[in-house]
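Protein chains: 2
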Amino acid sequence: MKLVYSGKTKDVFALEDGNYLLKFKDDVTGTDGVFDPGANTVGLTLEGAGRAGLRLTKFFFEALGQKGIPTHYIDANPEAATMTVKPATVFGKGLEVICRYRAVGSFLRRYGMYAAEGQSLDAFVEVTLKDDDREDPPITKDALAMLGLLSAEEYEVLKALTQQIGNIVKEELAKKNIELYDIKFEFGRIGADKQIALIDEISGGNMRAFKDGKYIEPLVLEKLMLEG
Amino acid sequence: MKLVYSGKTKDVFALEDGNYLLKFKDDVTGTDGVFDPGANTVGLTLEGAGRAGLRLTKFFFEALGQKGIPTHYIDANPEAATMTVKPATVFGKGLEVICRYRAVGSFLRRYGMYAAEGQSLDAFVEVTLKDDDREDPPITKDALAMLGLLSAEEYEVLKALTQQIGNIVKEELAKKNIELYDIKFEFGRIGADKQIALIDEISGGNMRAFKDGKYIEPLVLEKLMLEG
Chain A
106 MKLVYSGKTK DVFALEDGNY LLKFKDDVTG TDGVFDPGAN TVGLTLEGAG RAGLRLTKFF
166 FEALGQKGIP THYIDANPEA ATMTVKPATV FGKGLEVICR YRAVGSFLRR YGMYAAEGQS
226 LDAFVEVTLK DDDREDPPIT KDALAMLGLL SAEEYEVLKA LTQQIGNIVK EELAKKNIEL
286 YDIKFEFGRI GADKQIALID EISGGNMRAF KDGKYIEPLV LEKLMLEG
Chain B
106 MKLVYSGKTK DVFALEDGNY LLKFKDDVTG TDGVFDPGAN TVGLTLEGAG RAGLRLTKFF
166 FEALGQKGIP THYIDANPEA ATMTVKPATV FGKGLEVICR YRAVGSFLRR YGMYAAEGQS
226 LDAFVEVTLK DDDREDPPIT KDALAMLGLL SAEEYEVLKA LTQQIGNIVK EELAKKNIEL
286 YDIKFEFGRI GADKQIALID EISGGNMRAF KDGKYIEPLV LEKLMLEG
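Residue numbers (this note's numbering), protein chains in the order written: chain A, 106 to 333; chain B, 106 to 333.
There could be a bad hint or two in this list.
Treat identical chains as interchangeable: a pair holds within one or across any two.
[Stated by the list, open to error] With a Cα cut of at most 20 Å, we get these calculated SDA-like pairs of lysine to any residue: (1) Lys264 - Ser211; (2) Lys299 - Glu277; (3) Lys246 - Ala228; (4) Lys198 - Leu213.
In short, the hints are calculated from the structure, not lab data.
Just so it is clear, the structure is predicted and the values come from calculations on it, not from any experiment.
Work out the full structure, taking the sequences as your base and the hints as a guide.
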């Protein structure tokens with residue numbers, strides 16, 4: 106088992122059968138010790154964050170699998186904080202795909218002239234480049250096609266999948282009276298037919314969730330969703 | 106004649122017949138005394154810049170009119186540095202629409218991970234909000250529609266017009282062996298049928314143009330284009 110990549114929140118190991126093992130870390134993104142799902146830096150280390158993130162990821166990826174939505178997920182071992190996944194190639198050096206239900210975060214920082222804080226956004230999808238040096242710039246469908254990252258047809262598949270998955274997560278949260286404000290995903294191409302599939306994780310660190318108008322920390326979200 | 110708006114590079118007066126008079130100033134956008142068509146601040150004042158910008162604007166708007174492209178242009182008086190235009194309403198508080206033929210400026214700052222400086226971009230269109238406080242954020246077709254600024258159908262009209270007009274300017278420059286790298290436009294809705302039409306100006310201050318690999322200043326561009 107060979108370490109092939111060490112990321113901000115997980116390490117990636119190559120398995121002998123061609124699949125990959127993701128080892129979830131206890132580090133979460135943020136700035137100056139405050140959790141922020143949109144941040145590019147590791148802001149703090151929370152004991153148990155890796156296992157909690159993996160448990161929630163397992164829950165959501167298995168729910169998506171049951172609904173026939175393509176993901177890279179094979180199985181997970183929460184005790185070891187590891188998840189086995191199919192090999193995937195990302196678009197360029199990676200994209201983040203955000204699905205927004207309420208105007209907060211970078212959306213509000215960009216479009217505050219026309220949007221009020223907390224305003225409903227109806228599963229609005231936007232794409233940013235994973236590029237720490239350039240602060241993850243937003244990118245349009247046309248630019249993705251021109252730069253050879255994603256064809257116009259693939260963009261429509263990506264957008265539809267993003268809204269489908271976002272809506273499933275939103276519904277699962279709603280069962281616990283939790284409201285999803287926004288969520289970010291990563292996608293890749295999987296298999297011989299290069300099918301577009303969800304990769305990475307779906308944990309508290311990927312989303313902003315609120316209960317009774319109060320923001321819920323990732324570790325609390327995992328407890329609310331999976332315990333009772 | 107009543108002053109209704111004082112902009113960075115021109116003043117706008119309401120005429121009694123319902124049309125407007127634009128008075129071109131000698132100020133051009135830039136930072137610290139260096140001209141930059143992408144800047145939000147007035148960088149310097151160039152003697153004669155207003156008249157030169159208007160002469161070039163007159164030239165291009167009349168060329169567009171001959172090709173049946175809708176603009177707000179009625180006529181121009183270069184000596185007085187004034188242009189008479191039809192009333193137009195902008196999208197929200199105004200958009201800038203950029204047509205790119207080579208990767209320079211903000212395109213390169215955002216997408217430098219995937220584009221080399223000076224790379225061909227084939228009339229690539231992008232839209233930014235006119236919002237100095239938020240540094241003119243880029244915005245997608247979907248976001249424009251969601252925020253009520255421009256419908257999906259109007260976006261396609263805007264994009265097609267931008268490429269048509271950009272290509273006409275590019276061809277005119279090419280006749281003088283000048284290469285257009287990028288150009289920014291403003292559009293608005295004109296008349297009872299709210300037709301999308303080019304507004305504002307087309308001058309050296311709106312574009313980056315190069316000759317023999319060397320950048321051409323706005324005042325020099327005007328001379329090269331209109332004198333001989």
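We went through each hint and held it up to the structure:
no.	hint	verdict
1	Lys264 - Ser211	within (19 Å within a copy, 26 Å between copies)
2	Lys299 - Glu277	neither (29 Å within a copy, 44 Å between copies)
3	Lys246 - Ala228	both (17 Å within a copy, 15 Å between copies)
4	Lys198 - Leu213	between (26 Å within a copy, 17 Å between copies)
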